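*Asks:* Each chain, written out:
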Amino acid sequence: MSDGQSAVVPGRGRLRIPRRLPSGAVVYIGFVGIFLFFAVTLRDNGFLTIDNQLNVLRQTAFVSVMAFGTTFALSAGEIDLSIGQVVALTAMVTAVLLRDMNALVAVPAGLSVGVITGLTNGLLTTKLRVPSFLITLGMGGIIGGLSRWITNLQPVPVLDDNYTFVFGSGNIGPFPTLFVWTIAVLLVAHLVYRKTTFGRQLLATGGNRIAARYSGINTARIRIASLVICSVTASLAGLLYVGRLHSARYTLGETDLLTVIAAAVIGGTSMAGGRGSIMGALLGSLVMGVLNNGLILMGFSITEQDIARGVIIIVAVALSLREAPEG
Amino acid sequence: MTASPTAPVGPTTGPVALAARGVRKSFHGVEVLHGVDFTLHRGEVHGLVGQNGAGKSTLVKILNGVYAGDAGELEINGTPAVVRGRDEAGKRAIAMVFQEFSLITSMSVGQNILLAREPTGRSGLIDDREVRRRAQAALARVGADIDPDRLVEDLPVGSRQLVEIAKAISQDASILILDEPTASLSATEIQSLSQAIRNLTTHGISVVFISHHLNEVVDICDRVTVLRDGNVTLSGPTSEVTLSTMIEAMLGKSLESALAYQARDVDRTGPPLLRVAGLRNSRVHDVSCELWAGEILGVAGLLGSGKSELLRAIFGIDRLDAGTVELRGRPAHIRNPADALRVGIALVPEDRGRAGLVREHSVGHNILMASWTRYARGGFVDDRAANTAAGSFVEQLRIRTQGLQPPVKTLSGGNQQKVVVAKNLSASPRVLLLDDPTVGVDVGSKREILMEVRELAAHGTGVMLVSSELEVLSGLADRVLVMRDHAVRAVLERSAAGDLSEEALSRAVQE
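Quick mapping for you: the protein sequence lines, in order, are chains A and B.
Take the first sequence: its position 137, counting from 1, is numbered 137 in the numbering used here, and each next residue is one higher.
Take the second sequence: its position 70, counting from 1, is numbered 70 in the numbering used here, and each next residue is one higher.
I should point out that these hints are in silico values taken from the structure, not numbers from a laboratory.
Don't take every hint at face value.
To be verified - Cβ pair distances, simulated, as ranges:
#	chain 1	residue 1	chain 2	residue 2	range
1	A	Leu36	B	Gln171	56 to 62 Å
2	B	Gly378	A	Leu159	51 to 57 Å
3	B	Lys409	A	Val115	35 to 41 Å
4	B	Thr188	A	Val115	52 to 58 Å
5	B	Val66	A	Ile302	23 to 29 Å
6	B	Val66	A	Phe133	33 to 39 Å
7	B	Pro156	A	Leu137	34 to 40 Å
8	A	Leu191	B	Gln262	46 to 52 Å
9	A	Ala25	B	Ala458	48 to 54 Å
10	A	Leu137	B	Ser26	50 to 56 Å
11	A	Met271	B	Gly498	53 to 59 Å
12	A	Met271	B	Val82	39 to 45 Å
13	A	Leu137	B	Gly440	38 to 44 Å
14	B	Ala277	A	Pro131	36 to 42 Å
Since the model is a prediction, treat every value here as computed from it, not as a measurement.
All C-beta atoms, glycine included, are put in the ideal place defined by N, C-alpha and C.
Starting from the given sequences, assemble the full structure and let the hints guide the process.
*Replies:* Here it is as structure tokens:
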């Protein structure tokens, strides 16, 4: 096993995840199975090299961070379909401000894209009583348009080396900063999800909103918060993309939505709400990352990868839902 | 038709449409029907009456093949039917209309009546003219003047009921079972329903009429059968029974000793714990009442009388148009359940599955759902303290569970209900509102829940107890508000000897 792999597994064991083993078990078995499959079939293509494994970790960071946020939204019985566009707008806003001002302005401004979008999504969902999937679908259109409009479809280069080091391009010891970010967000998200009153009320709200209301839980506030958290993780992913690619484009994050939701669901989070796992989301996004990586090493073309990924997502999600109770 | 359509009342001499003999049924080893006989003549309207849990719905479900009976004989239109096997209700020529309508409101009346049986033309497309014609024919048999092209959502409730019945009989049913058909109808709508039922009987259709409203049963039905605890306690023509004989047959004399009233010393000298004044919204009309610490205030009334809605209004679920709620003389501004719990009012809702529990979550998390913030520091849950608290509630209420971990849906109905009670107690309420807490609960759990309610009152909690089970009110309540048509119609006090009989309650509710 490679370094990248063994660095993740002990952390998982210590934090002791899913309350429900069955739905968690699929993702572990699936991850190990896929990993072993590629380790054997692609052993001559460099799958097991440390470089390649670090690469997988870097590439999955964006999806992981967003999958943590999406776990919150799904657990509350909501969904955010605008995360891809939030990534792009955050990236554009941050890159423009890095060019014209500095990181102290650019980073908070970038994150505020997520805060404002999440608040708007949440308020519209709860006040208008329109399902969040419709609100966020519409919001995605608005935000996507804004990010194309800001720079008139032009990419914006980023030259701030301190910024790019911290957000995605640097290494701390052997670890890429992207990996450090993933672990940091993972820990915070896990603690909030599992150990706080907010986390418990979130699950109650998603599990049965009426019963939660009868129990004195402010369900509107919980649902709004879940959408803000989701949107902010998309903004963070946007900051990391800019740091990693040294530039911002309106196309960033465009294809991540499906992968992110798949990662969360494969990780044992219920689309119906009330059940989920942050650790599972990490595993889910690693499954997606390793699959992606394997497909590339197998020599599939970009279009073939898209088709293969679509098929795999459907199969993987179907498998992980089969064990869910009363699925 | 060989029935005598000229004699609308009491065709007890006509041919038998349905005969059940010695029907038995057990659930989880507990027998709920102990050999029930039931005979329905052709063209007859037969009332089926009994308290909640008496076995009415179980019997009806065996008759139309939803449940398999354990023993007994069943004959439908002269042909023996299998009481022990399931078959489709349609094959038995029995149609059932439930309280919850099965109509698709966004579709037209005609489309609903012929749903999934639409006539098609030669092209294979739906023949709309034929749909309209057949719908009209079905409606005519009911005697309902409803345009088949109207959307169901534009119809008043009473007309929807008639459409539902037309839909049922259009499937060539000769026996129609109506489950509490008048629960949500106005007086004039009940009138036209009664007329529709009469129209059907002249076509040789037999009707089983389930109702809690005994007056209607006497008015509408030819015969009545009363069930109590899974036995038939009365069966005969309505011309020969009175309200009192029906009530006696429904209630019996068997009062459990656990339900015997124990006098409480309620100190009513000071200001009341809870004062509700002029509460008004669409479902509660100008209700006022007072509740003292340590008192159990019963609320009686039929389905739709507004008794549940009163509790919902106090608890901040339904919006108020007018009225005030005061706790210990101080106005409490309650706009939602969170406000109510903050000032110390908790509610055990009527429908525990929908409003009480997260079925997939653990017993522990359900108990703690209303009180996580009590067991937290800086937002972080102290799981040890929380679990200790949840564990003590499990013990106090004798919830039968393998620890706190199992999903609450794996518990029995009675134990699930105890979890809902525990959840509300965990918020340490000063006022506990209970909405029919013992319905659908086994006898053991029922006793334990009621004992707990007594215990709470003894320790100074004010309890408002809504119940559709009169024995519960008779055994526990110090006073009883009687509700009808969304308003309080009477307040029954105990006699000097502490008596408040079920008969008196039943009479007051039925008036």
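*Asks:* Compare the structure with each hint and give your call.
*Replies:* Do the hints match the structure? See the list:
no. : hint                            : verdict
1   : A:Leu36 - B:Gln171: 56 to 62 Å  : holds, 58 Å
2   : B:Gly378 - A:Leu159: 51 to 57 Å : violated, 42 Å
3   : B:Lys409 - A:Val115: 35 to 41 Å : holds, 37 Å
4   : B:Thr188 - A:Val115: 52 to 58 Å : holds, 56 Å
5   : B:Val66 - A:Ile302: 23 to 29 Å  : violated, 56 Å
6   : B:Val66 - A:Phe133: 33 to 39 Å  : holds, 36 Å
7   : B:Pro156 - A:Leu137: 34 to 40 Å : holds, 37 Å
8   : A:Leu191 - B:Gln262: 46 to 52 Å : holds, 50 Å
9   : A:Ala25 - B:Ala458: 48 to 54 Å  : holds, 49 Å
10  : A:Leu137 - B:Ser26: 50 to 56 Å  : holds, 52 Å
11  : A:Met271 - B:Gly498: 53 to 59 Å : holds, 56 Å
12  : A:Met271 - B:Val82: 39 to 45 Å  : holds, 42 Å
13  : A:Leu137 - B:Gly440: 38 to 44 Å : holds, 41 Å
14  : B:Ala277 - A:Pro131: 36 to 42 Å : holds, 39 Å
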